[in-house]
Amino acid sequence: MIRQHGNRFARLQDYTASQEALRISLTATDKCISKIRQEKNYAQKDGEVAGHSSQVHEQEMLVVSKQSFHVLSHVCRSVDKFEEASKCLDRIELYINEQRSRDDELYSQTMVQLSARDRGSTAFHQGSSTFALEGKLGRVWCVFATK
Amino acid sequence: MQDLEEIKVRAQSARARAREVESTERVNLAFSRIDLRQKAFGTLSDDDEKFVDFQFNIMVECAKKDSATSTRTSKNFAMHKTIFTAARLISTRRLLTLKEEQGKHMNPYSVFAIIFSDRDVQQVHVHLEDLHTAIMAAKSARDSTTCNVAKIQALDQRGIEIGKHLISQLRIISIPVSTSSLLKHTESTLFGGQVKHNDMKPLLEKARAFCTKGVSLYQGQEHCADQTLEWSDILLNVLEISRESKLPGGSDVSEIQYDKVVAGVMAIRAFTQSNCGSYGIALKTARAAWEKDGTELGNLITLFHCALQYESFSNSNTDSIDGCTEPDMHAYPNTLLELDGALNVYESLSKLEKSNDINYLQKLLEAFPLLCKIGLEKKVLLLGLQRRMIEISIKVTTNMVSNEVSEVPNERHHVSSLFGVLRAYLVIFEELLEKFFFTKEKQWQLDQLVGLQSMLGSTLDLLLLVRDGSIKEKHNGGDILLFHDSHSYLEENAHPTQSSNTAYQSLFDLSPAKELIGTQNECLWIGKSAVLSQSIFFCTMFWLKKL
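Heads up: the sequence lines are chains A and B, in that order. According to our numbering, the stretch in the first sequence is residues 1 to 147, in order. According to our numbering, the stretch in the second sequence is residues 148 to 694, in order.
So here's chain B without its partners, still in its complex pose (with noise of 0.2 angstroms):
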């Protein structure tokens, strides 16, 4: 009797495994099936689509079946893989190729959707499936040239409208265990409100990773910033689900990690608002973005753009000192405050992560010559933003000199050298000397001169450091560094071949310090460029009076 029990119960467990096996066999048959119809017919007819149809339910029933008995989870995984690979395969297809007349076909995630609770996290995976279909059918329609713009803005509201269905799915899904309880008479099923936190954190990865794709598809695109701003809006939903869904304790990605990557959303969102022309309210959100993360220098730029953008578009300006009227020539001083804001809130907090290292001050200098691209056109403003970088590379050259740095970051090859900038600064400096200073106010006036007083008196005293450390060399045997007089230095250049023989060596050619602060030539060019502009500016100063 016992035997004929077992027999029995073997006999059942094998037909069960037989079937297991026959569900997998007819899903691979059937995604064959559809991939040879698709790609055997180019444009499929309504009988074709018919059969795929016809196929894909055979996919979601096997699936169905196998679901409600089996229990291998990796078995279950590799079938709804094949399934989620046909359904991609078919909805990208009807989505990019068939008319608004013949589209009245199924959509097959939906198909497979069904299949699962409504509290099920299956389910969300298969919308997330679907979405990341919507956004890779929009981009291919993007990149096609046969796709037309009503298409196109289809295939971008459609993928807009799933993103937004799966946030609402994403919060019903996230509500901790003990309140969902509470929902629990409203569902259908018994343990369906009961989602574990394994579960959801694959899911909540998945979906910030497409997301993720849908913002930086549509992200400096033209005639994007309506989609780019829905996207970051969903992008930023979902990184608020993944942190109030995290357990206490059992978290992977901490808080300043998530507030980093929020600050990046944001910066962003800013950015589309402020070239949609809502530059109040892109200022705000760039704000907050740096308030959220004040050590991304992406985020600081950003925020030195939308403030610019208000500053120049919004009548801020108009009762500035200079009452200037033409819009290069403003000083955009409510710009430049923010931008030494932020300056001092990444001063800060880079000391505070970092407290004797100055290497935040070497990485913000490679955010100038963007913030100085940004404000190429108006001259005050980039005066005003190389004075700053001045004065910062001039700290930073001087304690890599007081340290002996005997090798130049390479960070740094990305920046211009200080004579560099020097140099470029002067140049505008004369430009707008003579026909622009003195329409402004004295105090202005007076700031600009002792900035650039500072600014020659810092730099005289990193040459002489420079200088100094390389006499103390002297002493320890190395050879004489000396300033050559432009005489010399230009006899020498003329016969180089002669000067080989001499026992003095130009500090500049040490290979740190050419790097850093610059060839003896721009040094010659500076002096002489730096005496003109003060003494042109106090001769002028001086008549102003007597006149």
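Isolated chain A, as found in the complex (with noise of 0.2 angstroms):
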């Protein structure tokens, strides 16, 4: 909502408010993605799996996030202010690194485990149908299949 009101101020040249906005959509985004996060590991620590709907959570902040700073970007470089409008883009390129290779290792370890499982003994594939949508194996498709 925060940041649909920059992007409107952005779009009225009213770039002071749009900047102000942005930066609190921003401040908003950044502490839920760190909160998320703080939690995602010490879910880890404990030997746990963090639950499908965090992912998602995080995923959705993470766009929110990337939209803002292209938002302010472009309005740090309306106002001449290049060095903050090009680490605006600095962070957007570290989001979508972050998440290529969150996406690289969530499929890599997908394809590890369906190998082994199809390796494995045929009494696992012979086993319930729906083994594949709980535990591990059913996070990673639920994040795949709900991308």
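Derived from the structure by calculation, the hints contain no laboratory data. Check before you lean on any hint, since a few could be wrong.
What the hints assert, rightly or not - Using 25 angstroms as the maximum straight-line C-alpha spacing, the simulated PhoX-like pairs for lysine-lysine come out as follows:
| hint | chain 1 | residue 1 | chain 2 | residue 2 |
| --- | --- | --- | --- | --- |
| 1 | B | Lys-212 | A | Lys-81 |
| 2 | B | Lys-212 | B | Lys-197 |
| 3 | A | Lys-81 | B | Lys-186 |
Claimed, not checked - Heads up, incomplete: computed chain A residues facing chain B, CB under 8 angstroms, no partners named:
| hint | residue |
| --- | --- |
| 4 | Leu-12 |
| 5 | Ala-85 |
| 6 | Ser-86 |
| 7 | Glu-93 |
| 8 | Leu-94 |
| 9 | Arg-100 |
| 10 | Ser-101 |
| 11 | Asp-103 |
| 12 | Thr-110 |
| 13 | Val-112 |
| 14 | Arg-117 |
| 15 | Asp-118 |
Every residue gets a Cβ at the ideal spot worked out from N, C-alpha and C, and that includes glycine.
With the hints as a guide, dock the two chains, each given alone in a separate frame, to form the complex.
Structural data, given as structure tokens:
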């Protein structure tokens, strides 16, 4: 909502108000992302699996963040703050790279597990067909399926 | 087992989707970086240029990967649009600001075009965008005060070269599928030769629009005749390809419309050729344009201009009937003959199109002020033009009066009234009568006299028609409309308040008559002038015979 206001202010060329709104939006999304990641870290330390909803939530926050940085970069460029604009773009690139490594990791994890299962006992294959929707594989499947 | 396979497939497709999203994000990011770098620094250093190239390469790589995997054309279109915008930004800046020694940087369009095969429509789209950028850069250079002549010429030349290259490419890809299958062996890609009609249509429309921009950029500008000729040639080629590649039954544009467009471009070409001094070729081109579209008045004016230029600057009128040494006093018989032929064509074609409509003559009248302007310095020619204009004006006005038109059409407001033209004609007639007419041969003199008499007679008939029409109205309870004699008219004008009680009203007070024919004052002037001109003419003829 605040990001949208920032966007509107930018369109109206009220760059000061736009910067304010976008900074608030980015602070909020940053807090959310760090909280989600913190929870994820705690869960990993405890040997648990992070919930699917937190993954989706993190991704949504990242998308909002990227959009805000794009608009903020445009606003900074309009008021001749080129350094800041460049930093905004760097942050976007960082998010894209992080996303890429997460996707790759998740994909390779899935493939490794799938091939392990494939090579595994036939008993496993003959087991419950709903197994894949539970546990780690279920999580992976859900993450991919909801992207 | 089935579940595992399903998960695998889903994971793969999800990953592919994620890659597509990432590509789009990276393209947008690279675009923002290029834009930022270009705006942040007025003049870019070599390192900055390398950075820009690097970012553009990222965009192209993303597009390459995306076009290989994605089937969603709308997404590809959006990505290509971003890349085109980036290429335009880079290319325009480089073309306008970089000097010769700095011109070693890559052309972004060339980099982008490489990812498509030779017979791919997308590659032609890239070249078209390059062409557009070249045209706009040439325009900006011309508008700018800082660009030197050499730079402007180089940009002009670049645009023309891209245009020519584009024509050859369009020719290759527009070959129908059946023919192109013969060429299939020479292609690197299996389906490279098959270009769908649906893909070709927007491509050719785009090509047409950009080449039209090229023509309109140079047309009418000083010292740009060569460029105009080149661009009109390119545009004619594009139009020809458009016509050739049209599939039977699926055309939106009819042959007649194509002819009209082609005729328009040919007329521009003829006008430019004429201004370049190629009068003979210009006249031929103008004739060809008129043959293509004999209903467009612009083509008629161009034909007249070219014919006049040809006759003025060639030796064709040295043996003319007058033997006159003053160029302004030549009769320009060939030009008038050309005009008469064109007028006949126009009349016949317009009659074919709209059999009972007199509007085509009304439109024709609108062309005469321009024709008169072209022949303004040549008084005898001007006399001929005015004579034709008066004849048409009488025809149109008679038709309107006969049909009891109550309002003057809007088009007519741009054209002088009948008396206005007649008055101008008589002024020139009188001027030429004394010093020029009797240097010409008798047949020509007689023609002029007959013409004058015929015009005056037709005008009088028209006035009678108006009056008779008014008498009819009188019987139906209208006012009495009469011609005033000059004495009463002047008296009435001297005391306008007294005349308000009179039962008589001049026919020139009627709104349509006043606008179409003229005022009573003009009528009186013309009457006197015509009598005087004819008297002088007859007297001089008589004395010449005696002598």
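How the hints compare with the structure:
no. : hint                  : result
1   : Lys-212/B x Lys-81/A  : violated (34 angstroms)
2   : Lys-212/B x Lys-197/B : holds (22 angstroms)
3   : Lys-81/A x Lys-186/B  : holds (11 angstroms)
4   : Leu-12                : violated (21 angstroms)
5   : Ala-85                : holds (5 angstroms)
6   : Ser-86                : holds (6 angstroms)
7   : Glu-93                : holds (6 angstroms)
8   : Leu-94                : violated (11 angstroms)
9   : Arg-100               : holds (6 angstroms)
10  : Ser-101               : violated (11 angstroms)
11  : Asp-103               : holds (5 angstroms)
12  : Thr-110               : holds (5 angstroms)
13  : Val-112               : violated (11 angstroms)
14  : Arg-117               : holds (6 angstroms)
15  : Asp-118               : holds (6 angstroms)
Comparing the model with each earlier hint shows violations of hints 1, 4, 8, 10 and 13; every other hint is respected.
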